[in-house]
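Protein chains in written order, with our numbering: chain R, 1 to 593; chain E, 1 to 265.
Hints were generated in silico from the structure; no laboratory data involved.
Be aware that one or more of the hints could be misleading.
What the hints assert, rightly or not - Some chain E residues close to chain R (C-beta under 10 Å, calculated; not the full set): (1) Tyr35; (2) Phe38; (3) Tyr45; (4) Lys46; (5) Ala49; (6) Gly67; (7) Asn76; (8) Asp103; (9) Tyr110; (10) Thr115; (11) Ile119; (12) Phe143; (13) Asn147; (14) Leu158; (15) Ile160; (16) Phe166.
Here the structure is a predicted model, which is why all the values come from computation and not from measurement.
Heads up, the beta-carbon is just placed ideally off N, CA and C, and yes, glycines get one too.
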Amino acid sequence: MVRDIYKCCFWMIALVVCLFCCADLAGAQATVSLEVHSKEASLSDTIKMVVKIQGNKQALHPVIYGLEPFDVTEGGTSSHFQVINGQIGKGVDYIYYITPKKKGKFIIGPAEVLINGKKYESQTVHLEVREPPSESGEKKGSLFLTAVLSDDRGYIGQEFIYTLKFYRTKDVSDINLILPEIQGLTFKKLGEHKAYTSLLQGVRYSVIELRYAIIADKPGAYTVPPAYLKMKVLSERAHSRGGRLFDFFDDPFFNIARARPLSIGSNPIGLEVNPLPQEGRPADFSGLVGKFSLRTSLMPTRLKKGESSTLTAVVSGKGNARLMPDLHIPEMKNVKFYTDQPTLNIETAFEGVSGKKTMKWALVPQKDGNYEIPSLTLSYFDPDLGQYVQSRTKPLTLEVLPGSIEEDTQKAEQKIHVEKPGKKEVNMQRFDILSIHEGLDGLKANRFQRLGIWPLGASVLLPPLVFLLVLGVKLYMGKNKLKEDTIIAKKAAAKFSKRMKVLTGDAPLLEIVKITNLYLNERLGLKSGSLTSEEVYEILIKNGVDKHLATDVKEILLSIEAAIYTGDEGKDHIGKRREGLIATIKKIDRALP
Amino acid sequence: MNHIKGKIFFIACALCAFMVLSAFAWDGSSGAKGYDVFFQANQDYKEGAYERAASAYERLISEQFVGGSVYYNLGNCYVRLNRLGKAILNYERARYLMPRDSDLDFNLRYAKEMTKDKIEESSSFPIFQWIDYFGISAVFWLFVILNLLFWASLLMRLWIRSEWSFYMVICLGLLWGIVGVSGTMKWYSETNDKRGVVIAPQMNVHSGPDERETVLFKLHEGSMVMCEREEEGWILIFITPEKRGWTKVGSVERIKKPAQPKIAH
């Protein structure tokens, strides 16, 4: 058992070593990135900055440019090892805390790192440093929450940024934010929260900053009520009497301190939302409010007749980007254009909501010459300026060279011989309905529509009716046949007597047997032809005739058969048996059903 | 006797066949009329006179039985006139008459994509979905043929009681039953089609048949609704069990099977 555990541990260690080796191999492609946890800060804030080196842990300490306006404190390093989608990677993060020394807009970076003698560079980041918020004379506590709006007045459609900052000097847990609810205002969270430290009234606080976009449904004067934070505050334990010996147990890990629930609220804020002015509203205004830009490009700008060029228009900016309109290019003589489906990307970042809409048209000139692609316009309302703005692009020029169809065809054929064209997905360039049906068949109604209910019903009901009719005829005919048979049976005895009486005294005895058989066949509806005496006996018994009576008939027939086969017929042999047989048959006829 | 039986069987089969074939051959009207109107309407459409073309197609529909293509062309006119509600209505009516027409499917999909409201459409029960690919006419004639074969085989069984004739009757009986039930369902669903299309550009759906009642929701042109009942110029519609209400009769038009023409030939 113990050996198995050792074996298992050995293989696990071997696997980890292998993974590290593989990670080293994978680390041949190193990347460096620079991250600053906020793009805005005040002079009293301390912000976290991280240089991330992916793919190698053997990097030398990074050199970061642009840190002159900041006080920098090192925050240590953090190594990591990860397997993502089967790719093994390891890296190291260098952590710094930067405190601005002056206000302004700064570019930090790039960060330079030497890995195996090769220099790697990160991107740069922008940071705007503002004056610290004005401090009231009021002494702040160890836990407090502030709320600030980007603007206290604005316009309908404008996005107001609501910033909540939670300052603390104490350890807290189970934090729960309750946003204010007010009719007519909608809150939308912007990005993830930011954490940094800030100096306020000489006290260094840990700050958690959250941002929300507030959108007003209708104009009016609003008061945003306080937001509340519910949390549990870990109460400080009385200092251990054991002195330094027990300081080790002052670590939060061992601190089983009691937590008390606490709720703190932010300050209420007033907000005035005005309707968009009617004056100067452009006809093509789509309700877009914010700061937007429009740019166009044409690719290629020089082509041959019949070829296509792509006109791209990009609208981008911050604000209610979902209302960015679909732009339309005016009709152009001798140029066909096909509109592509526009794409809209909305990004909700910590700094606000921004969007980018890309529209494309394929332009196909039908004649050679120079064409001027008319300028496009975008109308929006700029809340900072308090007026409508029309962004207009510059007209573009498209140069179309002559090109004969034959030449194009020849070139196309040559191209087919030279290289095999790669297959591309067929995209719809425009959407439209298919043409009308002009065939005369389309006018004709089908028979089902034209047939009345009677012909339709008849074609369904006739086959079963015919079947029933035939069945009826068949049954009727069967019944008639039965009736006929009954009459024949009833008359069988009389016929028997008549036939017997007609026989002369010298007639062969075989005639009596034939007449008897005929009687039985007719009387019982049989088709047996000639019957032996034994068969006659059985038939009579089966039809319910008394056993003695059946035996009598049997004996009579036996004696006749004996006389026939022995040749001892004698004179007037018929006369001797006629009366007895007729009487017996009459009795049998009565006994038969 | 056998001779007589054979004669009866022959006469019975001949009678059935005659009836069915005569039904196929019989032309209820003296043929399609209105060629001139149809040609002219097509010409108007091609020249861009969509209003004129639409009214000509409407006239054809009101005066005689027409094929699905007339409804289809009328739908095209309404698409061009940007009246999506009427377009979808006529495409759906055309679908009754030509359920497998690819052009119609394409245009109907186009028109539905242009509508503003997102409404989920219900589909048939999976076992009976096959029937959506056939018009009532095709199902009916299939049933008529099976009906003939089934009863003829039963007739034959009166005299020929062999094993193969037994299995033939069973197979034909099963087919006859399936097609008969499906056809009845198709006929029922077509004659009781509750679907309607919003033909007004926008309509309010109220909680009761009165303008003063609360507006529950709004619908836009081309949306498909189910019509339940009418009361004094108001119609009760629903999209889902949770979204139902009253709207004015003129805002919605029922798809239903194309009505009898006023002047039938």
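Hints, one by one, checked against the model:
About 7 Å separates the beta-carbon of E/Tyr35 from the nearest beta-carbon of chain R, less than 10 Å, and the hint is met. Against a cut-off of 10 Å between C-beta atoms, the interface hint on E/Phe38 holds, since the closest Cβ of chain R lies about 5 Å away. This hint holds: E/Tyr45 has a C-beta 5 Å from the nearest C-beta of chain R, less than the 10 Å allowed. Given the 10 Å rule on beta carbons, the hint for E/Lys46 holds: about 8 Å separates it from the nearest Cβ of chain R.
With a cut of 10 Å, the hint placing E/Ala49 at the interface with chain R is violated, because the nearest CB-to-CB distance is about 13 Å. The restraint placing E/Gly67 at the interface with chain R holds, with a minimum CB-CB distance near 5 Å, inside the 10 Å limit. Satisfaction of the interface hint for E/Asn76 is found here, the shortest Cβ-Cβ separation to chain R being roughly 5 Å, below the 10 Å cut-off. For E/Asp103, the interface hint holds, since its Cβ comes within 10 Å of a Cβ in chain R; the closest pair sits about 5 Å apart.
Taking 10 Å as the C-beta cut-off, the interface hint given for E/Tyr110 holds, the closest approach to chain R being about 5 Å. A least Cβ separation of about 14 Å between E/Thr115 and chain R goes past the 10 Å threshold, and the interface hint is therefore violated. At a threshold of 10 Å, the smallest CB-CB gap from E/Ile119 to chain R is about 20 Å, leaving the interface hint violated. Evaluation of the E/Phe143 hint against chain R yields a held restraint, the C-beta minimum of about 7 Å falling below 10 Å.
Checking E/Asn147 against chain R by beta carbon gives a least distance of about 5 Å; that is within 10 Å, so the hint holds. For E/Leu158, the interface hint holds, since its Cβ comes within 10 Å of a Cβ in chain R; the closest pair sits about 6 Å apart. Taken as an interface hint, E/Ile160 does not check out: its beta carbon lies about 13 Å from the nearest beta carbon of chain R, beyond 10 Å. A cut of 10 Å between beta carbons decides the hint on E/Phe166: the least distance to chain R is about 16 Å, and the hint is violated.
Against the hints set out earlier in the document, violations occur for numbers 5, 10, 11, 15, 16.
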